[in-house]
Amino acid sequence: MIPELKLVSEEIVRWAFEVSVNSGSEWKIAFTNPTAGPWKRVLGIDAKGQVGEVHRFEIDEKRPDLILYSDLYKSVVVVEAKTEIGGLADTAQTGKTVALFNRLSGLLRAKQSNPFWAQRSKYKYELALLWGKQSEGPADIDSMVSGYLRQLDGRQNDLLCIQGDLLDNELKHRVFWGKSKIETTLTNYQS
Amino acid sequence: MVSGGETAIPCKAFSLWADSFHEGEWACRAVADMVSARGGTFKAAYKQGFIPEFTYVLDGDEFRVTVYGNYASWDPQPEPLSSLLAWGKPDLVLMREDNDEILFAVEETAATPTGNQALQRCERQFGAAREGFPFWYLISEFGIHPDGGVRRDSIWPTLMGLELMSATQVPSIVLHYSDASNPEDYSSGKGMNSLFLVFLRVLVNVVEAKAPLSGLDQEIKSQISRMVEFVESTWSSSLYLVPDLTGLDTKWLSHQLCSTSQTAIAGTNNAHSNFLVWPTVGQLTKGETQLQQARPLIKHDPFAQILERDLLSGLSYGVIKGVGSKPQKRASLQSWIISQNTKHSVWQESANRPEAIFELEIDDFPVTAAGNHHVITAQRILYLYDSAEDVQASLKEAFPYLESSQLFLEEDLTKPALVYISNSVKPGRIFGDPYTGQLSAYSVSFGALSGNRKVIAYFPHQSVSQAAAYLSTPNNKGLRMFAELTDLLVFGGGVSIKTKTLELL
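Chains A and B, in that order, are what the protein sequence lines are.
Under this note's numbering, the first residue of the first sequence carries the number 1, and numbering increases by one thereafter.
Under this note's numbering, the first residue of the second sequence carries the number 1, and numbering increases by one thereafter.
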């Protein structure tokens, strides 16, 4: 029996995005937060190409869904993922996500002496949102982005949005800046 | 069913269902390493842009494993898989793609195996054996405790596995990774290698139309021997005693497991003999008897008080050395109490049971120095009685409400009994982690599978209302497990349910 995908859940949309990240060389995944397994550490790479621990989350510590970094674009992106946009747009969730981003970016910026992070402490840190496309329209996205930018309080001028969608039986991602509506890609990243 | 050595229809395509894609791909890559080490090759691709599909070539055989992560996202879900998941979701389930036969399930955890972490998944271990599927539980033997020290894994998943295998002759194997110098390190210890050696061999066996576990006798014998060694080297740190394990014929058992790998047990009503034979009070050694000391209650409870009295009177004994208390914040406790009391009064009225009185009050929960509240009653969670009749008498003494009730069948009164206490106050919590796993591990390890020990679960701070309506059609894993492995559920105020007849007392 060959099963069909019936729900582009958070796990699916995040995993598919990870596959697309790993298919290129510009970005690395420092952390991912699947439902289980030995992936509870933020990892970086040192100058010799050795992978090592940058941060280990405590059992009750809030975790993001993904952390990506690019040495090419000198960027670190902290991603919050949900099955659908409604889960991200919720006011309580907005506050929690921004608080987590602020705490985590501060924590990683302070890792100058960690050999596996070092220069990445000086990179640009940005929050991104990832979800699976349902029936949302541009107004829903605008409203969500405005809510996040208000909470970010000027620390970020625009918000990176990643919308997963099953098109022609392929799970693809549209990557764009939520406020300016500028489309971008990971391989030609315009911050 | 295909027994060892018989031929079957070959299959070269497999589905690996997984809780997360990460775990599924991790397993496929571990198999790929095994294949490469044996001179084979592999290719990895992503169907639809995200579904991992690994194609392996080994000794002229080509076979494919496709990963389906996140169980709930797929339709249709094979029926055997749905039945298995009803007991809790294992991390990995390997199936033949042609006929949806489950070949085995795997639970793996990176969680530090201290406290309740290791027991938290034991209901999945039980569920796999109950459904008749081989199960491997990969867990770190050495974990870093929050205090910075290194602890060894809990003994219970391993004890439970030995009992399950002996009773059902379905593999239920605990594999350990890591070592004392490298706690929580997957690459240390024998577990990872041993698991994926079995994984690859099962794939190759099915490709070659052999029984899934054919030729694995020696490896499985080693795995079982390591389980026995683990129990023998760790039990004294957490238990007062453990049954003699020397009678286990690992060669015979591994042969049985490999030759009847798909033999589903036909339900726990089958008369199995117990492998773990726990002594009666009279059979305890003098030293073991001396270890049975009174432990004062933290919070008063009528039944817990009698349980301690019975232990001192020689009607029962305790097994676990330690005790843990996790005081709760006043605000949380208050909201749980309100919820419990409200649920109960609504149920009382709708069921027309005015005599079934249960009401919690926050002032009954002792306050800690930090201003939180203790919720534990007795300072132990298990009591092994020589006879169910004594438990029945003690319950009736604690709860006169039960005076006229027959709690056990006449022929069961002389059987030994296990009393388990969960002091949780949070509504619904007893039906989830870690309690269902705990109760699975304890019930099985102390003999519930055979029916030769009666199991009584006592929830002093939970209203019966949460279980009464659902036991006949268990709709969550906790209720399914209670219905299967216990005989009597005693809720707050002594209101009880006989799980085998669903009679509300």
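Simulated from the structure, these hints should not be mistaken for lab results.
You may find that some hints are simply not true.
Unchecked claim - Cβ pair distances, simulated, as ranges:
1. B/Thr250 to A/Asn169: 28 to 34 Å
2. A/Thr187 to B/Ser238: 51 to 57 Å
3. B/Asp98 to A/Leu7: 24 to 30 Å
4. A/Asp46 to B/Ser238: 36 to 42 Å
5. A/Asp71 to B/Arg38: 35 to 41 Å
6. A/Arg56 to B/Gly371: 43 to 49 Å
7. B/Pro296 to A/Thr91: 47 to 53 Å
8. B/Gly148 to A/Arg109: 23 to 29 Å
9. B/Gly322 to A/Asp71: 30 to 36 Å
10. A/Glu26 to B/Gly371: 50 to 56 Å
We put the CB at the ideal spot given by N, CA and C, even for glycine.
Hints versus structure:
Separated by about 50 Å at the C-beta atoms, B/Thr250 and A/Asn169 break the suggested range of 28 to 34 Å. For A/Thr187 and B/Ser238, the hinted distance range of 51 to 57 Å is satisfied, since their beta carbons lie about 54 Å from each other. Taking the beta carbon of each, B/Asp98 and A/Leu7 are about 26 Å apart, inside 24 to 30 Å as hinted. Distance hint for A/Asp46 and B/Ser238: a CB-CB separation of about 41 Å, consistent with the stated range 36 to 42 Å.
At roughly 37 Å, the beta-carbon separation of A/Asp71 and B/Arg38 lies within the given 35 to 41 Å, and the hint holds. A C-beta distance of roughly 31 Å is found between A/Arg56 and B/Gly371, which places it outside the suggested range of 43 to 49 Å. Distance hint check for B/Pro296 and A/Thr91: the Cβ-Cβ separation is about 49 Å, which falls inside the suggested range of 47 to 53 Å. Evaluation of the 23 to 29 Å hint for B/Gly148 and A/Arg109 yields a pass: the beta carbon distance comes to about 27 Å.
Checked against the given bound of 30 to 36 Å, the beta carbons of B/Gly322 and A/Asp71, roughly 49 Å apart, lie outside it. For the pair A/Glu26 and B/Gly371, the supplied restraint of 50 to 56 Å holds, since their beta-carbon distance comes to about 52 Å.
This entry does not satisfy hints 1, 6 and 9, going by the numbered hints stated previously.
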